[in-house]
Amino acid sequence: MTLRGRRILLVNLSLLIAIALAIFPLPNWAAAVRPDWVALVLIYWCIALPMNMGFSTAFIFGVLLDIATGTLLGQHALGLTIVSYVILKNHSRLRLFPLIQQGVIIMLLLMVKQLVFLWIYGMTHNAPSNMWLYFLPSVISMILWPWLFVFMENIRRRYLNI
Amino acid sequence: MRSLVQQSATLTLNAILMAIFCVVLMTIDHRNDALKGARSTVASFLVYPIQYVVSAPANILHWSRDNLSSRNTLLETISDLHKQNLQLMAQQQQLLSLQQENARLRELLHASSRVGEEILVAEVLTVDQDYYKQQIVINKGEVNNVLLGQPVIDAMGVMGQVIELNQYSASVLLISDPSHALPVQNNRNGIRSIVQGKGDPGELDLLHIPNNADIKVGDLLITSGLGGRFPPNYPVATITDVEIRPGQPFARVIAKPAAALEISREVLLVWPGKEVKP
Chain X
1 MTLRGRRILL VNLSLLIAIA LAIFPLPNWA AAVRPDWVAL VLIYWCIALP MNMGFSTAFI
61 FGVLLDIATG TLLGQHALGL TIVSYVILKN HSRLRLFPLI QQGVIIMLLL MVKQLVFLWI
121 YGMTHNAPSN MWLYFLPSVI SMILWPWLFV FMENIRRRYL NI
Chain P
163 MRSLVQQSAT LTLNAILMAI FCVVLMTIDH RNDALKGARS TVASFLVYPI QYVVSAPANI
223 LHWSRDNLSS RNTLLETISD LHKQNLQLMA QQQQLLSLQQ ENARLRELLH ASSRVGEEIL
283 VAEVLTVDQD YYKQQIVINK GEVNNVLLGQ PVIDAMGVMG QVIELNQYSA SVLLISDPSH
343 ALPVQNNRNG IRSIVQGKGD PGELDLLHIP NNADIKVGDL LITSGLGGRF PPNYPVATIT
403 DVEIRPGQPF ARVIAKPAAA LEISREVLLV WPGKEVKP
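Chains as they are written, first to last, in the numbering used here: chain X, 1 to 162; chain P, 163 to 440.
Treat the hints with caution; some may be incorrect.
[What the hints assert, rightly or not] Okay, derived cross-link-like pairs now, SDA-like style, lysine to any residue, Cα gap no bigger than 25 Å in a straight line: (1) P:K418 with X:A20; (2) P:K418 with X:L26; (3) P:K418 with P:V379; (4) P:K295 with X:P146.
These are calculated hints, taken from the structure and not from any lab test.
Let's have the full structure, built from the sequences with the hints guiding it.
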């Protein structure tokens, strides 16, 4: 397979697996702090392959996630568009940061995404009652980021070695 | 491959356009049903395979538990079920005569009666929905003649209604969702009210109960059938807390759902029976 074919396959497959993780059944306490898998994987690809990533990927997988999780059509698509915009705009800077610092930036970015979601939940009368719990998934995503980055980097080096 | 400069020039514009498009999409999806068809097509052919794969481990687990259990356990289960069946059949005898009596009395009063509710068993797909939405996905869909807005119950009580219909699956909005309201009546004295979800599967709110209403902890609430969507007389919830608030127009009444909203693996779809005019 050509490099381009392998790249498209790998990006889409990893995002599909991320959607599967996003709907994987968890006990109630764990589901409340489930990390934002799709956003994390998308952020990785935006940092690793900024030239090949655009908003179409964010939109398509956002809509798939919306339908899989029963949210409004476009809610996750909007969140992922915002996230990938900020990352694509600053990818060359982000690449130079140590992994921990990258994680902190990503946590703040995911919190902005959750803030947008909070407005949407508020407008559709699903406002969460516990604000501390609400932002916890972003913190868990930050803790997870270095491991995910190293893991994905290994996969990319193995299959997309340029 | 585009150059860095080319990409960053159009990046902001693209992002703004995409964001506006997403907001428009959300507004349409929230306000009317124009996107329902597209949504259910994508759900049937792209999302259902993912959901199926995700729920496969749980299915395998249940299958292996059924197939690898010992002979003794199976015999015990069978004898338990046999006893249960006898009890239920005994109750059913009474029920049949009561139904006939009820129909006769209604005929005397020239009132219409409902007969023949049909029921189909569906399994809950073990996939999680958005944490802030009280929804479940079941493995029956359009091909099984499921209807939009159809009531869903479990062995203990009312669970919710179908809000999204796909080819092979359907989404069910639980009664514990804040956007779900259900007309009920108190089984003890017939006081009518509306039960609304709070986003918590263990608690429901009872709306517009005056402070002097005769309502007690332990009262059973049943569907009143007034909304026209749920058939009457199915158990909904039990009152767990009544707080009289003299300064407020209404009392605060909390109820616990009768159905096991979080635990039930098998649910029943109800086709409401036809009205029979005497």
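Verification of the supplied hints:
1. Of the supplied pair hints, the one linking K418 (chain P) and A20 (chain X) is violated, its CA atoms being roughly 32 Å apart against a limit of 25 Å.
2. Taking the CA atoms of K418 (chain P) and L26 (chain X), the gap is about 23 Å. The hint holds against a cut of 25 Å.
3. Straight-line distance between C-alpha atoms of K418 (chain P) and V379 (chain P) comes to about 11 Å, which keeps the hinted pair within the 25 Å bound.
4. Using a Cα cut-off of 25 Å, the hinted pair K295 (chain P) and P146 (chain X) is violated, with the two alpha carbons roughly 30 Å apart.
Comparing the model with each numbered hint stated earlier shows that hints 1, 4 do not hold.
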